[in-house]
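If you're matching them up, the sequences are chains A and B in order.
Quick note on numbering: the first sequence equals residues 1 to 301 in my numbering.
Quick note on numbering: the second sequence equals residues 1001 to 1315 in my numbering.
Just so you know, the hints here were simulated from the structure itself, not pulled from any lab data.
Warning: the hint list may mix true and false statements.
Take a look, some chain A residues computed to stay more than 12 Å from chain B by CB distance [to be verified]:
hint, residue
1, Val-28
2, Val-111
3, Met-184
4, Val-201
5, Leu-221
6, Lys-244
7, Ala-263
Taking lysine to any residue pairs in the SDA-like style, the calculated list, with each CA pair at most 20 Å apart, reads [what the hints assert, rightly or not]:
hint, chain 1, residue 1, chain 2, residue 2
8, A, Lys-244, B, Lys-1274
9, A, Lys-244, B, Leu-1159
10, B, Lys-1274, A, Gly-139
11, B, Lys-1274, A, Gly-222
12, A, Lys-244, B, Phe-1162
13, A, Lys-244, B, Ala-1259
14, B, Lys-1274, A, Pro-56
15, A, Lys-244, B, Trp-1161
16, A, Lys-244, B, Gly-1166
17, A, Lys-244, B, Gln-1158
18, B, Lys-1274, A, Pro-140
19, B, Lys-1274, A, Gln-226
Cβ coordinates follow ideal geometry from the N, Cα and C atoms, glycine included.
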Amino acid sequence: MNSVKSTWKRLNKALGRSGMLSLAFLVVVLLAAVLAPLVAPADPNQSSLLDAYAGPSGAHLLGADGIGRDLLSRLIFGARTSLLGPALIVGVSLLIGIPLALLASWYGGWVDGVVARVFDLVYALPGLLLAVLTVALFGPGLTPAVVALSIAYIPFLARIVRAAARQQRVSPYVDALAVQGFGMLRITVRHILRNIAPVVVGQAAIAFGYALLDLASLSYLGLAVQAPTPDWGVMVSDSDAMLKGYWLQVLAPGVLIVLTVLALTVLGARISGEKPPGYLRRRPAKAVAAEKNRTTVGAAA
Amino acid sequence: MGRLLLQRLGGLLTTLFLSSIVIFGSLYLAPGSPENVIFGSRTPTAAARAAVRHRLHLDQPLPVRYWDWLTGVLHGDLGTSMVTGQPVADRVGAGLGTTLLLVLMSMIMVLVFGLTMGLLAALLPGRVDGVVNALTSVTVTVPSFVASALLISVFAVQLGWFPASGVGQGLGGRIQGLVLPAVALAVLSCGFLARVTRNAVRDQLEREHVQTALVRGLPRRTVLRSHVLRNALPPIITAVGLLTAGTFASTLVVESAFAVPGMGQLTIQSVAQKDFPVVQAVALMLVAAFVVCNAASDLIQAVVDPRLREAGSTS
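Model the full structure from these sequences, guided by the hints.
Encoded structure:
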């Protein structure tokens, strides 16, 4: 019991209020996705035309869509496809990106040069365009979209890992380990990777958010997740509801996307050790006053 | 400076050349033969199929076709649409102007609002900073299609101020039709630019050279302009370059949302119809726009910061 309490305290301290709020929100979304069949009030694909565009009521807590499907249930089931895709994208790009980045940072020289240039080239292409081209090749669907975005996200994550690992590479402890005869594999995986873990995890959370946005954009365009499947991006593309003025049907999934990505970026920034923006940080009054004095330049101009 | 220019131009052409190979090569690796688009659901005779393949030069090896296509592109001939039979250059030309106008309108909004919010947040710590920070944390996570949906439901459907889809005739009509799409594109970028500007200016305000200049009694306006802003420019320029490039990519989404007849909508339509000559042309142009934006921001940096002109020869 005591250890649970202290873990909670440590987590609270490390993540801060904003980080804990974000984490709580993400846990709720994740639980909803995993337990969707248990928590959803209705079958997400059960339509009843009598309920078309029904407003919020006891039968449909958030109302129903154009063919009378329960909106809340579709949102809950939609969390599944909306989270599964980005999870695969981030997983695959970490699996390929981390080894490449570690190799590049360890050996340096031409290995580093080649890897860095390839990353730059892929980074120069917009991920969305790459995904649209892949869909042109293989037809619309979640798989081609996920494959294309995984490739596009490798440099995003690998460049950060490479930079962080290079800083570690030149620290004295790495030389000390090398002198003791430990091999490259052991040092990079057990020491360097462990030391840069917070940055990797934090940036992976942020990448998860962006992948969610990109994938939802593709689903919105009808290129990734296909229509009858409940998905947040697909739900926003219901232009019929929007033009008839039923904004809840369109904006509720949109708001969920925004909140999820917001929570991911806030949490990611906290984990990777970025300072929270001023409005979230509780600072002693003295520091605020000092900052005001220091920057009166601007206030006057 | 000249050397840096040459170097950037070389890198730009190399990237374009490599991506043209990738784009051309990958589209012809697609499962199913490209000529099936022309036949639709009909099953052609072997002779008809052979004739069509010959007319489209599909009976020639890939490198030869690539070379023909590339020389054609360099002479302004982008090929013929397989669906409409129009020259691709005509279809692309019709959309290009609209897309450029859309990106321009969006970036003007981003510069005006992003820079203003960023500067206000940096120079007025406390409440203003807090409000801007809260606002931008949210806007950087609003994808353009959600912004489009919101704008359409409020300003097109509820208030009826702007059309929900399509653009009108003439420049005035075009601009009116492009206002909502431009705002949808600008929402995310505004927040991003505001954050970059705030951090860059804050960073400079805390530097010793700024404190020194103030202590020496230089007018605050001068310190702000030539000490703070000038030094804060490089990250801001990089951000603007990245955002302009990203805006070109986002037109794929926003033009489809608002049914704007531009390059983005053309791309999505051609992908759906498997009209490969059009897809190749627009994809290459989007990549070109992307690469040019990044190179341009590098060059502008070098103009602003003399140190980079020296460094350019080594990097």
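When the hints from earlier in the document are held up against this structure, which numbers fail?
5, 6, 7, 8, 14
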